[in-house]
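Asks: This is what each chain is made of:
2 protein chains.
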Amino acid sequence: MNKLIFLTLFIFLGCRETPKTKVETSTMGIVIHGGAGTILKKNMTLEKEQEYRAVLTKAIMVGYNILKSGGTSQEAVEKTIHVMEDSPLFNAGKGAVLNSNASIELDASFMDGESLDAGAISGVRTIKNPISAAIKVMEASPHVMLSGLGAETFANENGLEIVTPEYFFTERRINSLKRVQEAAALKETTMLTEEIKFLHLQRYGTVGCAALDLSGNLAAGTSTGGMTNKKWNRIGDAPIIGAGTYANNATCAISATGWGEFFIRSVVAHDISALMEYKGFSIQEAAHEVIHNKVAKLGGDGGVVGIDFNGNIMMEMNTPGMYRAQIDASGKLQVKIYKDE
Amino acid sequence: MNKLIFLTLFIFLGCRETPKTKVETSTMGIVIHGGAGTILKKNMTLEKEQEYRAVLTKAIMVGYNILKSGGTSQEAVEKTIHVMEDSPLFNAGKGAVLNSNASIELDASFMDGESLDAGAISGVRTIKNPISAAIKVMEASPHVMLSGLGAETFANENGLEIVTPEYFFTERRINSLKRVQEAAALKETTMLTEEIKFLHLQRYGTVGCAALDLSGNLAAGTSTGGMTNKKWNRIGDAPIIGAGTYANNATCAISATGWGEFFIRSVVAHDISALMEYKGFSIQEAAHEVIHNKVAKLGGDGGVVGIDFNGNIMMEMNTPGMYRAQIDASGKLQVKIYKDE
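Residue numbers (my numbering), protein chains in the order written: chain A, 16 to 356; chain B, 16 to 356.
Worth flagging that the hints you see were computed from the coordinates, not collected in a lab.
Among the hints, erroneous ones may be present.
Each pair may be met inside one copy or between any two copies, as identical chains are not told apart.
[Unchecked claim] Cut-off 27 Å, straight-line C-alpha distance, at most; resulting in silico cross-link-like pairs (DSSO-like, lysine-lysine): (1) Lys246 / Lys143; (2) Lys309 / Lys109; (3) Lys193 / Lys347; (4) Lys246 / Lys57; (5) Lys294 / Lys309; (6) Lys354 / Lys312; (7) Lys351 / Lys94; (8) Lys63 / Lys73.
Excised from the complex, chain A in its bound form (with noise of 0.2 Å):
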């Protein structure tokens, strides 16, 4: 009888929500995407393959070497980042694509899991390293989000890098743009499949970036440069705190990329947040559910990647593929492209 009394309470307490104080861990990790989408082997040469699985190791190496000397994750995120920025291979910084002005516009977002401040920019052309940008527009403004000629304004007046517009146009952005213009100018009933296709890729390629560093810090990055073809300076998930960025001390870091409209709608990185804190969830399973059964329920796709304040990391896609990489504690290293393997 007094076991099932102790059973009864044992049940209750453990529906109740985890506790918040945060928790000293001796433990780190970085965990990296490049972008989701109907990314497939077929399409793809084994030169290809190789180029993006450099990249994302150089990328991924840079967080890790600053986390494991010590150094806090809110440098190994935008360090990590910027090589990826720095690549042409990604829709972010240098690889951005082309809006329908044969123009770019660069979104990024930058949230530290401590004190929950957070920075954001969007919709700017001139800026070398947007996730610098944002991580400065949170420790040198009043502000979160800063947007356009202001933002850019802002970046200059704070000494960040600012580079002409000719550096960001990649010949493959400027044959991108022409065949999306191209395409959309068809009927969508002649268009080919494989037009179609390459049509849907090119929606993707944001990179991101969540740490966790051995204080226990947890912070989350994002950058990217957007749809190709894309009018209206819209805005996607990217530079949206809640949607494509959160980070959270107490629960979880993350960054998103996908379909941003459907992203913003299922508020994606904070629901992940929401649903370890409030439910018990482990990161594994908050992000199978956001994923899975919410994004993918309204029609969107796209993947996630974070670390929990445990250093547990979680990679998750209803992609075919999302380009990623994973250090955990004891220094393993996984490079991933296709979604099973």
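Assemble chain B onto chain A, guided by the hints.
Replies: Showing chain B alone in chain A's frame:
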């Protein structure tokens, strides 16, 4: 013994999530705000107070009559917000505050609780009713959020009413900007206490509405001119789905008003919904937790209004006042300004 097993099971099940199926109701209700802040009786004339109460009453009656005659919560929210946008009293539409360049930048967002579809605009200068532009983005574009000139082009192409910038320049806002800029030029230590209070007051004035219609559909919208003297194309919480606005038929519809940076970092509107969905909180308990235990702990202030799928109405703030009104299913109207009334 069997009783205890039953009790165990009962408590266990009681901790599980509330069912998310749509509940058809024969109830309805509407709630609005016209901004929260340091609104004190001693600083207010009876005449001014009556002016505010009259516009709040006029606005909410428009929405209530739509709901009562079987109209949608979307229409009720839009038309109610129009009344406040068209009034010079509130910091939205006509009465929008001026930024540091003596120009305006309007933000708005809308979310539909049935489809979880949403629309938002930020940084527009020529759209008479920003809430309608947000709804149009939802209905007539594949996007959720448009900004700046692009959003204006879209609004123009879609037949929204466009006005010249002069439409928004009220004497009151020109004086406000002058006072804020004069004050900002002084060192804070030399600023009069009253001036600091005035500055604080200028931060607010966003308008918003949440409604439940007779079909059981929830909707919420928010519209603002942002902060007086704002720089760098700052974006606050009003156009951010999840922060300033959120609606979900499974839980509630929420519109927020306050110090936008803290509301973004706390993902206020979605967090209220998450506490209801995942922890079974009432809308009142959820709003109390978020405003007093989350936003306030970060140092932020402001308020929220909302209505849940059963028609329960909530108006919560951690400021001395919030312009607000509600009408529940019984038709009972309440119009309030100060916290304790």
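Asks: It remains to establish, for every hint, whether it holds in the given structure.
Replies: Checked hints:
no. : hint            : in the structure
1   : Lys246 / Lys143 : both (22 Å within a copy, 22 Å between copies)
2   : Lys309 / Lys109 : neither (32 Å within a copy, 38 Å between copies)
3   : Lys193 / Lys347 : neither (41 Å within a copy, 59 Å between copies)
4   : Lys246 / Lys57  : neither (31 Å within a copy, 49 Å between copies)
5   : Lys294 / Lys309 : both (16 Å within a copy, 18 Å between copies)
6   : Lys354 / Lys312 : within (19 Å within a copy, 41 Å between copies)
7   : Lys351 / Lys94  : within (20 Å within a copy, 50 Å between copies)
8   : Lys63 / Lys73   : within (15 Å within a copy, 63 Å between copies)
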